[in-house]
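Protein chains: 4
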Amino acid sequence: MNCRFGLRSSQSLPLTTNLAARQRSLSTAAAAKTRIGFVGLGQMGYPMALNLLTRGTQPSTHEFIVHDAFPAASARFVAEAGTGTPVSVAASVGEVAERADVIVTMLPEGKHVRAVYKGLLGAVGKGTVLIDSSTIDVATAKEVAGWAREKDALMVDAPVSGGTPGAKAGTLTFMVGSPTPEAFEKVKPYLQHMGKSIVHCGLNGNGQVAKICNNMLLGITMIAAAETMNLGMRMGMDPKLLASIINTSSGRCWSTDTYNPVPGVMEGVPSSRDYEGGFGTTLMSKDMGLAVSAANDSKSAILLGGTAHAMYMMLARTEGYGKKDFSSVFKWMGGEKDAKK
Amino acid sequence: MNCRFGLRSSQSLPLTTNLAARQRSLSTAAAAKTRIGFVGLGQMGYPMALNLLTRGTQPSTHEFIVHDAFPAASARFVAEAGTGTPVSVAASVGEVAERADVIVTMLPEGKHVRAVYKGLLGAVGKGTVLIDSSTIDVATAKEVAGWAREKDALMVDAPVSGGTPGAKAGTLTFMVGSPTPEAFEKVKPYLQHMGKSIVHCGLNGNGQVAKICNNMLLGITMIAAAETMNLGMRMGMDPKLLASIINTSSGRCWSTDTYNPVPGVMEGVPSSRDYEGGFGTTLMSKDMGLAVSAANDSKSAILLGGTAHAMYMMLARTEGYGKKDFSSVFKWMGGEKDAKK
Amino acid sequence: MNCRFGLRSSQSLPLTTNLAARQRSLSTAAAAKTRIGFVGLGQMGYPMALNLLTRGTQPSTHEFIVHDAFPAASARFVAEAGTGTPVSVAASVGEVAERADVIVTMLPEGKHVRAVYKGLLGAVGKGTVLIDSSTIDVATAKEVAGWAREKDALMVDAPVSGGTPGAKAGTLTFMVGSPTPEAFEKVKPYLQHMGKSIVHCGLNGNGQVAKICNNMLLGITMIAAAETMNLGMRMGMDPKLLASIINTSSGRCWSTDTYNPVPGVMEGVPSSRDYEGGFGTTLMSKDMGLAVSAANDSKSAILLGGTAHAMYMMLARTEGYGKKDFSSVFKWMGGEKDAKK
Amino acid sequence: MNCRFGLRSSQSLPLTTNLAARQRSLSTAAAAKTRIGFVGLGQMGYPMALNLLTRGTQPSTHEFIVHDAFPAASARFVAEAGTGTPVSVAASVGEVAERADVIVTMLPEGKHVRAVYKGLLGAVGKGTVLIDSSTIDVATAKEVAGWAREKDALMVDAPVSGGTPGAKAGTLTFMVGSPTPEAFEKVKPYLQHMGKSIVHCGLNGNGQVAKICNNMLLGITMIAAAETMNLGMRMGMDPKLLASIINTSSGRCWSTDTYNPVPGVMEGVPSSRDYEGGFGTTLMSKDMGLAVSAANDSKSAILLGGTAHAMYMMLARTEGYGKKDFSSVFKWMGGEKDAKK
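Protein chains in written order, with this note's numbering: chain R, -6 to 334; chain B, -6 to 334; chain X, -6 to 334; chain W, -6 to 334.
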């Protein structure tokens, strides 16, 4: 136990710095490895964990412990991990907490975060670093951070943007809410193995706030871009020409210049491949629901935000759209038929 | 310089026809000057006309004829014009048509365009070049272009963006709908004295289509930006930090990165000076009304566009907002109080 | 000709009153029949014309002249008319105008009304009574009424509500805009054979205004009713119970108490027969477009009206909904699946 | 204690029936009075409590215990109660629980309900009847009912409609969610002294569901009515005539036929007295927020509901509207100016 807490303090050193200190601790105990736990090996979590393992650990200094509600996911991860840093499977989240110094979680919804952290926080030691990369409601993020504080654990909310491609490529953006600037500096080295942009957004919960604000705005501008392109095309304009005019004018936005929803305007975006891949209508619907929830709690009037949320809910439930990219809202509103004319 | 203006005068030759006739007139009289008419010397038209006069004409090769519904405007223009290229006032639009080879019009609404062009087209000669820079409904733009065609005049719709600052600085963007690519090339030299970007948008009417599409998208994204900033601030985020995160993410748009509606986030934008100057709520309301009209005619579903239109109508009528920049929608929705917290 | 104009003045007597005067005119000339023309024998016009013929005319005092763009419709009408009041087919609208004293028109859109009335008004005699029952934009209704005034004809706009069932049963509501109260009294007797409620709404155009106002409100309340029922059901309430509570409370509206959109709540409404019959999504979309047009012209902020318009446009274009009743918006928004749970 | 539980079973008899049984119990113990507690003597609670006291109790058979966060409210109640049934003030909600058999609560928000019921349920005896008439979110209503179940108390949610006038007149409508039909029958006699319509809406939480569904629909239809009236008036129609046409047509709703928002159309409604009295914009905003919350939890798409919520939030915050009736939305959207024309 003593030993374990000693390790904990060394484990909080950045992975890539303080080599002297680390070597000191290594010299005093062969067991002085940093033990990283990862809970949630889904679409996003799996490739994130793999990047963290392969880029951020080495056999001599790290151990890696994984857990997922589906044991098959853990087994697959162990198999794919190969013979580098040792990877073991924990039978429960409590076991992860007992064995790891740094724990990353990637879960679908607030209710899962509550359940998992109840398990983790029943067993964590003081000073454990907890990084929740789930996208959840701000209220839950703040509440769970409060639980962690009571256990003297250091928790940050660090939701991501970039989707599964970004998770695989290790190019995610992390939006981090942390109790102190020092805490942000402490988690940053771990996140850098999974993402290329690590942004400090303020206190706990603000990571979630930043993410849902960005995604709400994205959700609205995409519908707005779709309506605008559709209107212009129906009035007789060539969509590429219209996009090029808008993209050098005041209507310009990411949804027109980087992710245009009209088939044929841009290459390499979901609209060019029948809206396959990308950021699904269901996920956008979920994220906008989080924005609506935050707006309701904070009594913020989000007229367009609420409207867009309802539109994505209807879109996601329309037959054939549940698994499409959210830019398929262009087709849903009657756009494509006209584009082909 | 000589060469340059020589080119200009040749460029002002009537476009496709009557070369022989013109050569005759050139040989018989030193008076073979290009005569430019300008109708509508309002907030926008006045500085545009001044730029066209001072940058695009010289005494030896041009005459300039102006007309405005308010004679005082014309008188003021003559006084300010000075002793360069001769400027005279026409008593009626019919007189402008009789005397000018190239005519630019800048009028408030479609009904004025109809009235003025009825007057002009009753007196124009064949081949007269007509440039309407008013922002009006597409249906009127197409119809009036049809009238011009019947008179063998060459008409383009060329609405602008850039506001009065752009009009004064000569940095407007012109969105041009023209009957042929050649016609576009023919009007471009004139427009270049008043703007820095001259975009060909297709056939007659498409200049208007491009403008209302851009402005509809702008109108929606501004409200969306205001809602998003307000939400984030109420949830505890610093507005500058939130803007910086959004501006490097997928929510990015002109309304967040160039014209942020939250006081204190950016310098030199209307939100930093209590929403003075800029693009007024009434003008945005008017432009969105043109978009709604086009959408209704073309049976395009613009759910957010229609919503935003109604919001700007209500905003423009709220006491104290009628003369503010359209980004004051942030304050109107209750944003400013929170920003000050 | 003299004779004809004599007839005209007698024809303007209400059909069911002034019997003495009528008998006088009948005694002076066997030819003194009232000649009724009907243009537009579509879904609505056909049964309306049949009611006017069978209930409002008799062989000794009337003639009936029909015209439709499709000759087959006229032929079918003549066949079905039988051997009572003589029915003849006019080859053109001009012929209708030449031969009839009272003319009813029932056409799809404003552009058809313009075209037909150009034809009619080129040939009508002074004092001819013109009743346009088409649902069209207010601007066209007023303009065409102006044309009629120039020809000394008496024109009213008299759009209907009640749908094809009401047209067949003769129970339509007519909303009448007329130049004078006397003109309203003059057309009322004819309308009473086709409808049970004849409402004077003011000057020309106001019949259209009343209709689009009612239908805009109906369109919004139907969506609102659908959202509310859906929300309550998803929260666990029995839809019949919820409807009964609302219908005795302040949320009550025609869309909940007379035309509830949830299958199984009421008998005999479209929702109880998979949304067959009733008032189609396309027609609702069209009527709301007229409201949007009027709002744009009058600078009225209709935030919910514009939103509902866009929703019906999208609904009407969704595969399988184009021919359904407009209350199918409940199913479209994801309602039915939950109702079955 | 025994004695107390004996009383409890007698207390569960309806107040006005089973007189024989009651007299039996009265004969066995002079102390066998029904003890009614009331927590929350605000705008609504005060007159409700007064009605329950004066209509539903008598000195020989009842005691009345009150508590409010502001002691002055309790003192005023005792003073106004007079010399009939004895009224005493409890120093805490815990004391109310200890002393009362039936407890009614009327509190502003869910957080107050949570706090008060934590206090009450720490001290209630088995079988205590708990009636919460607060309008709160469904999730809280269900959760608190669960706490009561664990204590073997019988709890119902019974939010009201009718406002302060209904509270004073004792004509409220109660929408009751109860664990069983029997429980509903048990609380009904108490509610009948405070209201005229007592509706069973199903299980716990459904009282809240029914109320927020009704009020969401009301909130939308009021805006829709305001838009429609405004449109018609701007198009030239007399508002009384327009209302009368709509009220006999399919656009009819409570907001047009009972509570018309246009000044001068109806007598005795808030619009006829500059929107004073009635149901405040802030309360409507709050209730629609509860609907948005329920919709978000149940993943119900409420496009118009969310839009209306945002509109009432903005309305309530506009200077001069915070204390007006919610039908003032007509004036806010620019209606009044036209009405006066």
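Keep in mind that the hints were calculated from the coordinates and are not lab data.
Remember, it's a predicted structure, so these values are computed and weren't measured experimentally.
Heads up, a few of these hints could be off.
Which copy is meant is left open, so a pair is good if it fits within one copy or across any two.
[What the hints assert, rightly or not] List time: in silico DSS-like cross-link candidates among lysine-lysine, alpha-carbon distance up to 27 Å:
id	residue 1	residue 2
1	Lys189	Lys292
2	Lys189	Lys26
3	Lys233	Lys189
4	Lys179	Lys111
5	Lys279	Lys119
6	Lys189	Lys119
7	Lys233	Lys292
Hints breached by this structure: 1, 5 and 6
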